[in-house]
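**Q** When you get a sec, could you build the whole thing from the sequences and use the hints?
What follows is the residue order along each chain.
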Amino acid sequence: MTAARIVMNEIKGYHRFIKFLMVLVGAAALASAVRFIFGLGATTNLNDLYPWGLWISFDVVTAVPLAAGAFTIGVVAHVCHIKKLEPLVRPAIVTGFLGYSLVCVGLLLDLGQPQRGPYVLFNWNVHSPMFEVSMCVMAYTTVLFLEFLHPVSERFGWHIPLRLLRTLELPFAIIAAMISTLHQSTLGTFFLIAVDKLHNLWYNPLLPLQFWLSAIFTGLSIVIFEASLVHKYMGQPDESDLLATLTKIIPWIMGIYMLVKVYALAFLSHGPLFDRPVLTALFSVEMIVGVLIPFAMFLTKRIRTDKQMQLRAASLVIIGLILNRFNVSMFAMHQPGQPVYFPNFIESVVTIGIIAAHILFFVLVAKYFPIFEHHPEATDYTIPDRFRKIEKHGEAHGKASEA
Amino acid sequence: MSSAPIDYGKTKTFLIDTTKCTGCRGCQVACKQWNQLKAENTHFFTGEGYQNPPQMSEFTFTRVKFKDYQKHGQNEFAFYKEMCMHCNEPACASVCPVGAFKKTPEGPVVYNAKKCIGCRFCMVACPFGVPKYEWSKAFPLVKKCTGCYSRVKNGLHPACATACPTAITYGSREEMLKEAEKRIAAKPDRYFKVIYGKEEAGGTSVLYLTHQPLDELGFKPVTKRPLPSYTWQALRLVPGIFLTVGGTLSAISWFQHRKDRVRKEEEEQQNRKEGNQ
Numbered sequence: 001m002t003a004a005r006i007v008m009n010e011i012k013g014y015h016r017f018i019k020f021l022m023v024l025v026g027a028a029a030l031a032s033a034v035r036f037i038f039g040l041g042a043t044t045n046l047n048d049l050y051p052w053g054l055w056i057s058f059d060v061v062t063a064v065p066l067a068a069g070a071f072t073i074g075v076v077a078h079v080c081h082i083k084k085l086e087p088l089v090r091p092a093i094v095t096g097f098l099g100y101s102l103v104c105v106g107l108l109l110d111l112g113q114p115q116r117g118p119y120v121l122f123n124w125n126v127h128s129p130m131f132e133v134s135m136c137v138m139a140y141t142t143v144l145f146l147e148f149l150h151p152v153s154e155r156f157g158w159h160i161p162l163r164l165l166r167t168l169e170l171p172f173a174i175i176a177a178m179i180s181t182l183h184q185s186t187l188g189t190f191f192l193i194a195v196d197k198l199h200n201l202w203y204n205p206l207l208p209l210q211f212w213l214s215a216i217f218t219g220l221s222i223v224i225f226e227a228s229l230v231h232k233y234m235g236q237p238d239e240s241d242l243l244a245t246l247t248k249i250i251p252w253i254m255g256i257y258m259l260v261k262v263y264a265l266a267f268l269s270h271g272p273l274f275d276r277p278v279l280t281a282l283f284s285v286e287m288i289v290g291v292l293i294p295f296a297m298f299l300t301k302r303i304r305t306d307k308q309m310q311l312r313a314a315s316l317v318i319i320g321l322i323l324n325r326f327n328v329s330m331f332a333m334h335q336p337g338q339p340v341y342f343p344n345f346i347e348s349v350v351t352i353g354i355i356a357a358h359i360l361f362f363v364l365v366a367k368y369f370p371i372f373e374h375h376p377e378a379t380d381y382t383i384p385d386r387f388r389k390i391e392k393h394g395e396a397h398g399k400a401s402e403a
Numbered sequence: 001m002s003s004a005p006i007d008y009g010k011t012k013t014f015l016i017d018t019t020k021c022t023g024c025r026g027c028q029v030a031c032k033q034w035n036q037l038k039a040e041n042t043h044f045f046t047g048e049g050y051q052n053p054p055q056m057s058e059f060t061f062t063r064v065k066f067k068d069y070q071k072h073g074q075n076e077f078a079f080y081k082e083m084c085m086h087c088n089e090p091a092c093a094s095v096c097p098v099g100a101f102k103k104t105p106e107g108p109v110v111y112n113a114k115k116c117i118g119c120r121f122c123m124v125a126c127p128f129g130v131p132k133y134e135w136s137k138a139f140p141l142v143k144k145c146t147g148c149y150s151r152v153k154n155g156l157h158p159a160c161a162t163a164c165p166t167a168i169t170y171g172s173r174e175e176m177l178k179e180a181e182k183r184i185a186a187k188p189d190r191y192f193k194v195i196y197g198k199e200e201a202g203g204t205s206v207l208y209l210t211h212q213p214l215d216e217l218g219f220k221p222v223t224k225r226p227l228p229s230y231t232w233q234a235l236r237l238v239p240g241i242f243l244t245v246g247g248t249l250s251a252i253s254w255f256q257h258r259k260d261r262v263r264k265e266e267e268e269q270q271n272r273k274e275g276n277q
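Top to bottom, those sequences are chains A and B. Every letter in the first sequence is one number past the one before it in the numbering used here, and letter 287, counting from 1, is 287. Every letter in the second sequence is one number past the one before it in the numbering used here, and letter 191, counting from 1, is 191.
If you are wondering where the hints come from, they were derived from the structure by calculation, not from laboratory data. Where a beta carbon is used, it is the ideal one built from N, C-alpha and C, also for glycine. Careful: at least some of the hints might be erroneous.
With a straight-line Cα cutoff of 30 Å, these simulated DSS-like cross-link-like pairs (lysine-lysine) come out [to be verified]:
#1 B/Lys273 <-> A/Lys83
#2 B/Lys67 <-> A/Lys197
#3 B/Lys10 <-> B/Lys224
#4 B/Lys10 <-> B/Lys220
#5 B/Lys193 <-> A/Lys197
#6 A/Lys197 <-> B/Lys220
#7 B/Lys178 <-> B/Lys198
#8 A/Lys301 <-> B/Lys259
#9 B/Lys102 <-> A/Lys197
#10 B/Lys220 <-> B/Lys182
#11 B/Lys259 <-> A/Lys84
#12 A/Lys197 <-> B/Lys198
#13 B/Lys264 <-> A/Lys248
#14 A/Lys197 <-> A/Lys248
#15 B/Lys198 <-> B/Lys32
#16 A/Lys83 <-> B/Lys259
#17 B/Lys137 <-> A/Lys197
#18 A/Lys83 <-> B/Lys67
#19 B/Lys224 <-> A/Lys261
#20 A/Lys84 <-> B/Lys115
#21 B/Lys115 <-> A/Lys197
#22 A/Lys197 <-> B/Lys224
#23 B/Lys182 <-> B/Lys137
#24 B/Lys259 <-> A/Lys248
#25 A/Lys261 <-> B/Lys220
#26 B/Lys264 <-> A/Lys84
So, partial list: chain A residues that the calculated Cβ filter (under 7 Å) puts toward chain B [to be verified]:
#27 Val7
#28 Glu10
#29 Asn45
#30 Trp52
#31 Gly112
#32 Asn125
#33 His127
#34 Ser128
#35 Phe131
#36 Ala177
#37 Leu182
#38 Leu192
#39 Pro208
#40 Pro336
**A** Here it is, written out as C-alpha cells:
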C-alpha cells in the first residue's frame, strides 16, 4: 500500500505533458488488448491486398532507422575516438534501446502468432530477409540493453558490472555497427522481393545500400534532434558545438546517398519512372525536402553551427526518412485500381502510443538515471579503469541526484 | 530450404486448358470439400463479373474467374481458374523467416502451419497474390492451396483435377509442357501462343493455355526470373559485409587509439623533462 502511495505521489509531481503521454500509452495498451481479443482483421484495416500496414511501415521499417542514433554516434565517438562527443553517447544509447524495445513490441503486436516469436531462433532460413532482421534485432536489442546497464549500474553503484561494461564499451560499439549495418540494409532487401509491386522510382537492386546510408545520416540527425530538444525542454547544457562535429559528417553521407540514388535511378531501374503523378510528387517531396534542402543547410557553415538551424535541418532529414520508408513500404506498393489503405483508429492509437511511450520512457529514464552527466572533463575515460576513479564518480552522481 | 536439388521436369504439374473450361466450377466445390473449407456468405455481382466468391480467401483456395468478351459480334465467356501456381522456386518459401513453406519433390508447395509465426511476408512476396490470412481469428495463420499434397503423396490426383470434366490435365512437368506445345501446334488458331507458367517466376507447376492475350484474361505479368534470386543477390553478401565492417572499424579504432596513446606518452615525456629541469 505504501509503495503504491509513493509511486502515486511521485506521478502526481510529474509535468502535465508526462501525464498526457501516460494517458496515450495507456490507450495504446488498451487498443492492443482489443487486437488480441478480436483479431487483426476486426481491429485493423489490413486485408489480403494490404497484408502490411501502419504497424510494419512505421513501427518496424521506419522506427529501426530512427533508432540508428546509438550505433552511429558509437562509431563516431568510440571507434573514431572523438572523446569530446562522449556526452552525446549515453542519451543516444537510451534512445536506441527504447527504440528497439518498442520495435519488438510493435512487431509482436503485428505477428499473427506472437507467442511463436522465438521459433525464428530454431528454424533458420538464411534466404529470408525477415529471418536476418529478426536475429539482428534480437541481438542488437541485447547489446543495447547491456550498454544501457551502464547508467543503471552507475546509479546503483554496482562496481564490477560497471568495470566490465567500461572495458567492453569499444567492442560493443563495433558489434553494434556490424549488426546495424546488416539489418538496416536488409530492411531494404525486404522489398526486393516485391519485383512487380514496388514502383520503379524506389525499386532497384541498390535499395539495401540506400536504406543503410539513409539510416546512418538519419541516426546522426536523430542525435542532433534529441540533444537539441533535451537542451530546450529538459534544461540540459547546450551541446551545439559538439553537434557541429556531427553536422560536418552528415553531408558527406547524404552526398554518397544522392549519388547512389541517381546512379540507381539512371542505370538500374526498369520501366517507366514518372508515370504516376502522386508517386512522382511523393518522390520529389522526399528528395527535395528530406535530402536536398538539409544537405544544402548542413553545407552552410552559419547554419551548421547555429543551434536553432541544426535542429531544423535535422528535423527535415527525419521527415524525409519517414516519408521515404512509407513510400517504399506503403505508398509505392499500391497498385493502380486497387482500393487505398488507410490505418484505422485502433492502428493509429497503437502507433501514437508507441511514439508516446518512447518519449515518456526517455524522460523517466533521464529523471532517475545519470545519462546526461557525462562530460569528458568530469569523467576519466581510461580503459580499463585501474584506479577505481569511475566508481567514485558514480557515487558522486548518486549523491547529486539525491540532493 | 530443401536439401536435395529437385528435378523440376519430374514434378507433378497442372495443365489448365482454359479453352476447354466450361466454367462449371466443379473444381471450386471439390476443393472446398477435400480441404473442408467453410462456405462464404457472398453476393452475386459484387466482384469483377459473374464470378463468385469475389476473390480467393482463407476459405477459398481456388476459383474460376469469368471474363466476358465479344467474338464475331457474340458475347462469349473466357474462364481462368485461379490457384496457387506452385512455383519451382517459390518466393513464399524464400522469404519465410521460419521456413514454413517448402517445395516438395512431388511438385506442390506446402505450408507447415505449426512453424508459422504469422508475419505475412509470404503474402507480400507472392507475385500471384496466393497466400491468404485468417483475418477472422485473434491468432491467425496463413491459408493456401496445398496442391492436395496428401492425395498426391498417395498416388491420387488433386481434388480439382479429379473433379474437372474437361480442362485440367495432371502429370509430370516435362510431359505437360510437351502436351501443351503439341496442342498449340495442332490447333494454332485456337490458342494464344504462350504457355503461362512455363517461364513465369522461373517456372511453375501450373501451366495455362488460353485463346486470348494473357493480360486481357487477368493473368498478372510476372518476371521470368525466379523471385528468390532478387533478394539472395543482396543477402548472399551478408557474411562478407558483416566481417568487413567489423574489420574496418576495429582497424580504425586501433589506429585512433594508438594516435592518442602516442600523444599521451609524448606529453608525459615532455612533463618529465620539464620536471627534471
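**Q** All hints are to be evaluated individually against the structure, with a verdict given for each.
**A** Results for each hint:
no.: 1; hint: B/Lys273 <-> A/Lys83; in the structure: holds (27 Å)
no.: 2; hint: B/Lys67 <-> A/Lys197; in the structure: holds (24 Å)
no.: 3; hint: B/Lys10 <-> B/Lys224; in the structure: holds (20 Å)
no.: 4; hint: B/Lys10 <-> B/Lys220; in the structure: holds (26 Å)
no.: 5; hint: B/Lys193 <-> A/Lys197; in the structure: holds (26 Å)
no.: 6; hint: A/Lys197 <-> B/Lys220; in the structure: holds (11 Å)
no.: 7; hint: B/Lys178 <-> B/Lys198; in the structure: holds (11 Å)
no.: 8; hint: A/Lys301 <-> B/Lys259; in the structure: holds (28 Å)
no.: 9; hint: B/Lys102 <-> A/Lys197; in the structure: holds (23 Å)
no.: 10; hint: B/Lys220 <-> B/Lys182; in the structure: holds (25 Å)
no.: 11; hint: B/Lys259 <-> A/Lys84; in the structure: holds (16 Å)
no.: 12; hint: A/Lys197 <-> B/Lys198; in the structure: holds (21 Å)
no.: 13; hint: B/Lys264 <-> A/Lys248; in the structure: holds (27 Å)
no.: 14; hint: A/Lys197 <-> A/Lys248; in the structure: violated (38 Å)
no.: 15; hint: B/Lys198 <-> B/Lys32; in the structure: holds (27 Å)
no.: 16; hint: A/Lys83 <-> B/Lys259; in the structure: holds (13 Å)
no.: 17; hint: B/Lys137 <-> A/Lys197; in the structure: holds (27 Å)
no.: 18; hint: A/Lys83 <-> B/Lys67; in the structure: violated (70 Å)
no.: 19; hint: B/Lys224 <-> A/Lys261; in the structure: holds (26 Å)
no.: 20; hint: A/Lys84 <-> B/Lys115; in the structure: violated (49 Å)
no.: 21; hint: B/Lys115 <-> A/Lys197; in the structure: holds (27 Å)
no.: 22; hint: A/Lys197 <-> B/Lys224; in the structure: holds (15 Å)
no.: 23; hint: B/Lys182 <-> B/Lys137; in the structure: violated (47 Å)
no.: 24; hint: B/Lys259 <-> A/Lys248; in the structure: holds (22 Å)
no.: 25; hint: A/Lys261 <-> B/Lys220; in the structure: holds (29 Å)
no.: 26; hint: B/Lys264 <-> A/Lys84; in the structure: holds (16 Å)
no.: 27; hint: Val7; in the structure: violated (32 Å)
no.: 28; hint: Glu10; in the structure: violated (36 Å)
no.: 29; hint: Asn45; in the structure: violated (11 Å)
no.: 30; hint: Trp52; in the structure: holds (6 Å)
no.: 31; hint: Gly112; in the structure: holds (2 Å)
no.: 32; hint: Asn125; in the structure: holds (4 Å)
no.: 33; hint: His127; in the structure: holds (5 Å)
no.: 34; hint: Ser128; in the structure: holds (5 Å)
no.: 35; hint: Phe131; in the structure: holds (4 Å)
no.: 36; hint: Ala177; in the structure: holds (6 Å)
no.: 37; hint: Leu182; in the structure: holds (6 Å)
no.: 38; hint: Leu192; in the structure: holds (5 Å)
no.: 39; hint: Pro208; in the structure: holds (5 Å)
no.: 40; hint: Pro336; in the structure: violated (13 Å)
Checked against the numbered hints listed earlier, the structure breaks hints 14, 18, 20, 23, 27, 28, 29 and 40; every other hint is satisfied.
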